[in-house]
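Trainee: Sequence:
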Amino acid sequence: MDCSLVRTLVHRYCAGEENWVDSRTIYVGHREPPPGAEAYIPQRYPDNRIVSSKYTFWNFIPKNLFEQFRRVANFYFLIIFLVQLIIDTPTSPVTSGLPLFFVITVTAIKQGYEDWLRHKADNAMNQCPVHFIQHGKLVRKQSRKLRVGDIVMVKEDETFPCDLIFLSSNRGDGTCHVTTASLDGESSHKTHYAVQDTKGFHTEEDIGGLHATIECEQPQPDLYKFVGRINVYSDLNDPVVRPLGSENLLLRGATLKNTEKIFGVAIYTGMETKMALNYQAKSQKRSAVEKSMNAFLVVYLCILISKALINTVLKYVWQSEPFRDEPWYNQKTESERQRNLFLKAFTDFLAFMVLFNYIIPVSMYVTVEMQKFLGSYFITWDEDMFDEETGEGPLVNTSDLNEELGQVEYIFTDKTGTLTENNMEFKECCIEGHVYVPHVICNGQVLPESSGIDMIDSSPSVNGREREELFFRALCLCHTVQVKDDDNVDGPRKSPDGGKSCVYISSSPDEVALVEGVQRLGFTYLRLKDNYMEILNRENHIERFELLEILSFDSVRRRMSVIVKSATGEIYLFCKGADSSIFPRVIEGKIDQIRARVERNAVEGLRTLCVAYKRLIQEEYEGICKLLQAAKVALQDREKKLAEAYEQIEKDLTLLGATAVEDRLQEKAADTIEALQKAGIKVWVLTGDKMETAAATCYACKLFRRNTQLLELTTKRIEEQSLHDILFELSKTVLRHSGSLTRDNFSGYSNRLSADMQDYGLIIDGAALSLIMKPREDGSSGNYRELFLEICRSCSAVLCCRMAPLQKAQIVKLIKFSKEHPITLAIGDGANDVSMILEAHVGIGVIGKEGRQAARNSDYAIPKFKHLKKMLLVHGHFYYIRISELVQYFFYKNVCFIFPQFLYQFFCGFSQQTLYDTAYLTLYNISFTSLPILLYSLMEQHVGIDVLKRDPTLYRDVAKNALLRWRVFIYWTLLGLFDALVFFFGAYFVFENTTVTSNGQIFGNWTFGTLVFTVMVFTVTLKLALDTHYWTWINHFVIWGSLLFYVIFSLLWGGVIWPFLNYQRMYYVFIQMLSSGPAWLAIVLLVTISLLPDVLKKVLCRQLWPTATERVQSPGYQSTCPSATWYSSCSQQVTLAAWKEKVSTEPPPTLSGSRHRCSSIPSHSCPGSHVGMLV
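Take the sequence shown: its letter number 184 is residue 184 in my numbering, and every next letter is one higher.
Hints in this document: simulated from the structure, not taken from any laboratory.
One thing to keep in mind: the hints can contain errors.
Unchecked claim - Below are the BS3-like pairs computed for lysine-lysine, each with C-alpha atoms no more than 27 Å apart in a straight line: (1) K190 with K261; (2) K774 with K641; (3) K54 with K120; (4) K668 with K529; (5) K529 with K190; (6) K225 with K261; (7) K307 with K261; (8) K626 with K199; (9) K702 with K529.
Given the structure is predicted, the values throughout are model-derived calculations rather than measurements.
Modelling step: build the complete structure from the supplied sequences, incorporating the hints.
Mentor: What follows is the structure, given as structure tokens:
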């Protein structure tokens, strides 16, 4: 082992070094640095071979067997099989070995085939040709032979073969465009930038002569994060150090677009690329059904051990009398008489365990896996969940949680892009208290040619005109929008007005809306060329600004800035962001007027941004450059240092104004939320937006209603009153009105329907949540959390605003681990929702406009929020009904199977004699009873799809794991015991008078066992037929076909002399049994008696205590859902008056007026303006 590696590990872990960041040094083109620059230390890295396969030809069998026997059920049956091989057991090892072999073989074939496909894909990827530079010439070789440090050339529409640092392209500005659809699903073009000092190297000779080294972090899976720096050597001067970030990194799997060719140096290859590091699966989620199944399995294991113990004890009690254990025809040998008693008892115990082990259903696990896998296709095939507009359908990333969709109690949803369309439309902007809109509205009429109407009759001050133009320039310059000349580019785009062919593209729809909106107000953003941003002003003159720095947007700062230099040499810092992040940093401007307008727009549900600026002198700018450069080139804590630098730079600003953008509510979002609430599901909205905007959206989507009393737990209120007092005050308020109500979460919505019941909605912001979650001075935080949870449980809806991504996950975790342990579902569309999607029991991603990160990290993905209704109320309901019946039915039929065997021991002197033939023992769970329940669990519809959509309250019938509770489990077990008693003693009484056939032959023990088995197969199959509500030709074929197969198999098994059998104890037994009239009578009578209690129970329960589902199933049912009737009688118009009255104040005099009257245009407006100014 390399000693240097050992020293490094010891230094890292034993020396207590904190914040240690590992890094690597890469020599571009494998060229050593100039003498005296730095020590040349060649390092070894993996080649570019991608290995996504799991097995090789040599390790497939041992590795696959090891993984399969790690499952408890498989390992248990392996032990039973080995016991049968080692000791003398009553049944053949085949009875356990064959089912186990079948399960193991089927699983191995499936996994082997999947791995073979992965091998084929790996070989195709590893052998594709790649062009790279060697000694100044272009050479071609296979992708797998690439090494870290190679300089690679990639042409348009080719995929990057490894992770590259972008050195140069054929474009003069050193940019290239890529799509990352195969990585994160985003089809929009992203712009990447070459290293400033290498972007001029356009030929193979130039790039081959490059002297440079790259220092960067070791590989890590985050696609959107990269930290490094490049040292470029020229002559004997000191190297030029440039920072490297994610904008310089081209990822393997991304595709080059709209760029003829690029050169890049390989820094991560093979399994160290970010794409390969993202192969690893997310943490496994387990459904409530799986947990119940495991609990039931433990119970049956205890029953199995109890049966074996009872029989072992009774055997020795029975044999304690003389000669009972040593009949005259089978005397013991001397060695058997001297055998240790304890060892004999233990061997007998194991033999009884083997005899009764079939009570544990080995095939249930295989059937459940098949049901989940095949059942998941019903979601992807659902045409109702396909979105024509986007061409997207639902995706199933895991099938392990299908039934969990029918158990959801809390839904946590994002707002922007999930409840709303994330399709932004610029509505207005407010500058120095004056409101500008793109079109004039006069007497309700939109005047589209407003730019041709002079609406201004007085001149503002020179300073006001300057601020107005600065505001428009700020909107034109402070963004990351790209302008494309090609109308056919992928991704979200909008073509500006005025017939121009340019297309605006951005990863953020807000930015496109703002740039498009300011264009209609007279300023047009043209392009970014050679680091100069060009805009067209009102006078149709082109203004050029040199782009000096970009202070990128992030979700923590909630703002972005640019530093630009005008043609006259003036340096400006323009900053835009959320009002909460801008207002604390401004020291000048008409703050009160703009704040009032922002609040007013927020109440109307508009998304608001504030814009500020600062003039910089040359000395200030130079200081900022040094500060930023030091932070950018840091390999350790770069993000933290950049955040500190941004904090110092973005201060002492002058407020210019604010913008308002409308994000419309998604189609049927309100109906979906209403249906989910009727289903008993509590819906919480978690958003980063300001309180007023989010509350207006909640009213619009019917989360809050006109009778909802809003309770606030916000920073503003905490400033006036202590958190302790507020929590206790809110607690008293909600508990006083809900004290007489049930604490069941699922009664919440029905309580709202009563006019005399007070309906509460809670609003909390991120800062208040931090205080609640923060440990108190005495070291405890539990009291506040419990009180907060108690308040939340008493509210019909909760809105959490100003939430950071991790706070969203905190909220989900808080509810998830509360004392009721409810099933949670999180749904969102953006990267900021990933943390809560991963935290919830079920995570759903909306395939939206903020990329595919949420969809990639989710368990399921849907095109629109409205599809959540069918996914839960229909698919989730069906999945749960089906799998719960599957699990209970498997345990039931195995009790029916094994309990007669237990009873038989009382009649055979506890000799471990088996009741059934070996073939029947082996094929009972594999063939005779497996297909009907599998098909039932895939196709059963106990209620029609339309009924489930029309009456959401039916969801409550299956909520809280209703069909897998202990009471239901005990009923199925007792039913199985009753049926087993009927099978055994019914057949026993038929045989009691020594029944003979017509030829005088006496029935034997194998005929007795066959009669019991026949009655059992018919009973358990017909029991499933009675439970089936949705009949198709497939159901008929499988159910009656299974019974027919059993009869045909029995006739062939006992009617033919098979040469491969040493003895054939079942020869002619089945045929002989069917030739007896009493046997036929017994079969019909015993099957009827066995099914009778279940039929009577269903009839009585339907008549006396019907559930909502059973009422729906009755022939004369008509949908009279009380909540539907109540709401249909009410006006559905959303009234925001109460909310507006609460949060709005009277606008200042400069903001008075109406949008709908031309006479209200202020006198102090901008002369010569090409737009209308409305207040």
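Trainee: Are the hints correct? Go through all of them and say.
Mentor: Going through the hints against the structure:
1. K190 with K261: holds, 16 Å
2. K774 with K641: With Cα atoms ~26 Å apart, K774 and K641 stay inside 27 Å; holds.
3. K54 with K120: The hint holds at about 13 Å.
4. K668 with K529: violated, 44 Å
5. K529 with K190: holds, 16 Å
6. K225 with K261: The hint holds at about 24 Å.
7. K307 with K261: violated, 75 Å
8. K626 with K199: holds, 23 Å
9. K702 with K529: The hint is violated at about 48 Å.
Hint violations for this structure: numbers 4, 7 and 9, all remaining hints satisfied.
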